[in-house]
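Enquirer: Go by the hints and put chain B onto chain A.
There are 2 protein chains.
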Amino acid sequence: MPIELLQKKDSASLEKALQEVSAALEGKMDQLLPEPENGEARVIEAMRYSTLSGGKRLRPFLMVASAGLFGVCREASLQTAAALEFIHTYSLVHDDLPAMDNDALRRGKPSCHIQYDEATAILAGDGLLTFAFQVLADPSTHPDPAVRCELIRCLAQAAGCRGMVGGQMIDLLAENKELSIDEVIRLQRLKTGELFAIGCEAGAILGKAPRQIRQALSGYAHDLGLAFQITDDLLDAEGSREKAGKEVRKDAKRGKSTFVSIMGIERARSQAQILAKQAINHLSVFDERASLLREMAEYVTTRKS
Amino acid sequence: MPIELLQKKDSASLEKALQEVSAALEGKMDQLLPEPENGEARVIEAMRYSTLSGGKRLRPFLMVASAGLFGVCREASLQTAAALEFIHTYSLVHDDLPAMDNDALRRGKPSCHIQYDEATAILAGDGLLTFAFQVLADPSTHPDPAVRCELIRCLAQAAGCRGMVGGQMIDLLAENKELSIDEVIRLQRLKTGELFAIGCEAGAILGKAPRQIRQALSGYAHDLGLAFQITDDLLDAEGSREKAGKEVRKDAKRGKSTFVSIMGIERARSQAQILAKQAINHLSVFDERASLLREMAEYVTTRKS
Chain A
1 MPIELLQKKD SASLEKALQE VSAALEGKMD QLLPEPENGE ARVIEAMRYS
51 TLSGGKRLRP FLMVASAGLF GVCREASLQT AAALEFIHTY SLVHDDLPAM
101 DNDALRRGKP SCHIQYDEAT AILAGDGLLT FAFQVLADPS THPDPAVRCE
151 LIRCLAQAAG CRGMVGGQMI DLLAENKELS IDEVIRLQRL KTGELFAIGC
201 EAGAILGKAP RQIRQALSGY AHDLGLAFQI TDDLLDAEGS REKAGKEVRK
251 DAKRGKSTFV SIMGIERARS QAQILAKQAI NHLSVFDERA SLLREMAEYV
301 TTRKS
Chain B
1 MPIELLQKKD SASLEKALQE VSAALEGKMD QLLPEPENGE ARVIEAMRYS
51 TLSGGKRLRP FLMVASAGLF GVCREASLQT AAALEFIHTY SLVHDDLPAM
101 DNDALRRGKP SCHIQYDEAT AILAGDGLLT FAFQVLADPS THPDPAVRCE
151 LIRCLAQAAG CRGMVGGQMI DLLAENKELS IDEVIRLQRL KTGELFAIGC
201 EAGAILGKAP RQIRQALSGY AHDLGLAFQI TDDLLDAEGS REKAGKEVRK
251 DAKRGKSTFV SIMGIERARS QAQILAKQAI NHLSVFDERA SLLREMAEYV
301 TTRKS
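Sequence lines, in order, name chains A and B. So in our numbering, the last one in the first sequence is 305, and the numbering has no gaps at all. So in our numbering, the last one in the second sequence is 305, and the numbering has no gaps at all.
Next comes chain A alone, as it looks inside the complex (with noise of 0.2 Å):
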């Protein structure tokens, strides 16, 4: 994945950049995940089935695309992005279980308790997840055991009972109930937005960048995150099946809130504009090398899965 790729400024650049960072990652995860070896080679081969299944890694791309502003090398980046695509990789393979959200397709293929069982599924999920910090604690990540362990701090709780696994918490609650438009923002916040969050600042983290840089590219993630939540909305009310390449219109079966059910999709279409926006104003402090972050935040309220 040339580096020169992600300061670019044209827009077809940032599929083709899309494209290389997804296909690097790829390969780094091959090369960091254990070979399916022994008695447990059964739930290596469930982690390897979830992660190396393609999927969009924008959380990677965010990863990557924002090391590239500090000028942080090729392997750092790449390795630090492999180890939260782990992450979202667990939190999918979890969320899919018939105790949770019961999903039986993920990125078009069957999902891992389909695949495998319901028991190497949750292993696979808790493997992934512990391989993620085995990953960032190694000193291959980064040559400062200070960045490493901000890496993983800032990780865990991004991921944790205050963030992602909360969200995921408050999202099963939430089935059957009417939310409010703020509990609803809460919620996606804590599910989708933390990562996304982490994402960007594990770049700034990498880059040994100030505060200030950290909160603007935090404020960028959460409203991309956000626009990115309200256009999966859309997409499931509006959606076909073969295109999503997953189950579409759970949420109205579950009678769950969603920000399509309570603002309709015309409003709601409109909010992802208007976030996609204050997303790229958060990028101000930057110059052109930020260019595939900007065109990034129109990207999610255009796409089509």
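Check the hints yourself; a few may be wrong.
[Claimed, not checked] Cβ-to-Cβ under 8 Å is the rule here; a few derived chain A residues that face chain B:
no., residue
1, Glu118
2, Gly127
3, Ala146
[Unchecked claim] If you anchor each label on the Cβ, the simulated ranges turn out as follows:
no., chain 1, residue 1, chain 2, residue 2, range
4, B, Arg74, A, Lys208, 28 to 36 Å
5, A, Ile274, B, Lys177, 57 to 65 Å
6, B, Lys177, A, Ala23, 39 to 47 Å
7, A, Ser53, B, Asp117, 23 to 31 Å
8, A, Thr302, B, Pro139, 40 to 48 Å
9, B, Gly108, A, Gly71, 50 to 58 Å
10, A, Ser140, B, Lys56, 33 to 41 Å
11, B, Pro143, A, Ser140, 45 to 53 Å
No lab work stands behind these hints: they were computed from the structure. Beta carbons are placed, not taken as given, at the ideal position from N, Cα and C, and that holds for glycine.
Expert: Relative to chain A, chain B alone:
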């Protein structure tokens, strides 16, 4: 927990030291765990319910006792022990799930998924695992970030798919399958031994002890872990539900190979005693400050629950 206690020689001091570490640990975990607030309160309640529930606290004790060999300060020692216990507890919560071992009773109380529900139990386990790494990465655990990273790397390795998670996978696949004694030893080494070993090694990491000393403690802990597991099998075969605080004769019901099913009760008992002696031999590099670790080797083979 007065550190002096960890250096006393008389055998009555072991019980007392265990109780004191256990009480100090309970306080530390209570202080570290977040308060149940906001929409996500339920998952935090479940994390607290599962963690603050007594238990023998052997792993934290080993950690604190090992750290005592190197004059590590009480706070660093207890905080690392708390992280270790969060990981041990998460593994119990997930192992008890219906898709896994399906146990309704844990430490004499309803298992997490019985007290709450399956989804909450999955999330509580995820939250505890994530929180353990957040605690370890925090500067309050140890001032040197290189020490914190080494703790995280080793603990993640011990708990991951080539450690505890891998051991649980092998264990699940072993139902209704005859294992050789070597296979049972490897299963238990991964499922129980690795976390015992990192418990002891963590004390040496905190104390920046040389590699040779770490290896002696790891050797001790692996033999101790095996002796502990054989005794567990004996208690499962002979014990009562009331004394054990959990279901017994589960292994036989599931057609699992155990040390007892392969070796018989008498040989298993003598094997546990041989391992306890071997464990003590690894401690020859230490003076009388290791007396509690030596007593612990006897304790694990003679315990009644």
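Enquirer: Against this structure, judge whether each hint is valid.
Expert: Verification of the supplied hints:
1. Taking 8 Å as the C-beta cut-off, the interface hint given for Glu118 (chain A) holds, the closest approach to chain B being about 4 Å.
2. Hint status for Gly127 (chain A): holds, given a least beta-carbon distance of 4 Å to chain B, under 8 Å.
3. Here the hint on Ala146 (chain A) is kept, as its CB sits about 4 Å from the closest CB of chain B, short of 8 Å.
4. At about 33 Å, the CB distance of Arg74 (chain B) to Lys208 (chain A) agrees with the hint of 28 to 36 Å.
5. Between Ile274 (chain A) and Lys177 (chain B) the beta carbons are some 59 Å apart, a value that agrees with the proposed interval 57 to 65 Å.
6. The beta-carbon spacing between Lys177 (chain B) and Ala23 (chain A), approximately 40 Å, falls within the hinted interval of 39 to 47 Å.
7. Under the hint 23 to 31 Å, the C-beta atoms of Ser53 (chain A) and Asp117 (chain B), about 29 Å apart, fit the expected range.
8. Evaluation of the 40 to 48 Å hint for Thr302 (chain A) and Pro139 (chain B) yields a pass: the beta carbon distance comes to about 43 Å.
9. Separation of Gly108 (chain B) from Gly71 (chain A) is about 57 Å and conforms to the stated range, judged on CB atoms against 50 to 58 Å.
10. For the pair Ser140 (chain A) and Lys56 (chain B), the beta carbons lie near 37 Å from each other, so the given range of 33 to 41 Å is met.
11. Evaluation of the 45 to 53 Å hint for Pro143 (chain B) and Ser140 (chain A) yields a failure: the beta carbon distance comes to about 24 Å.
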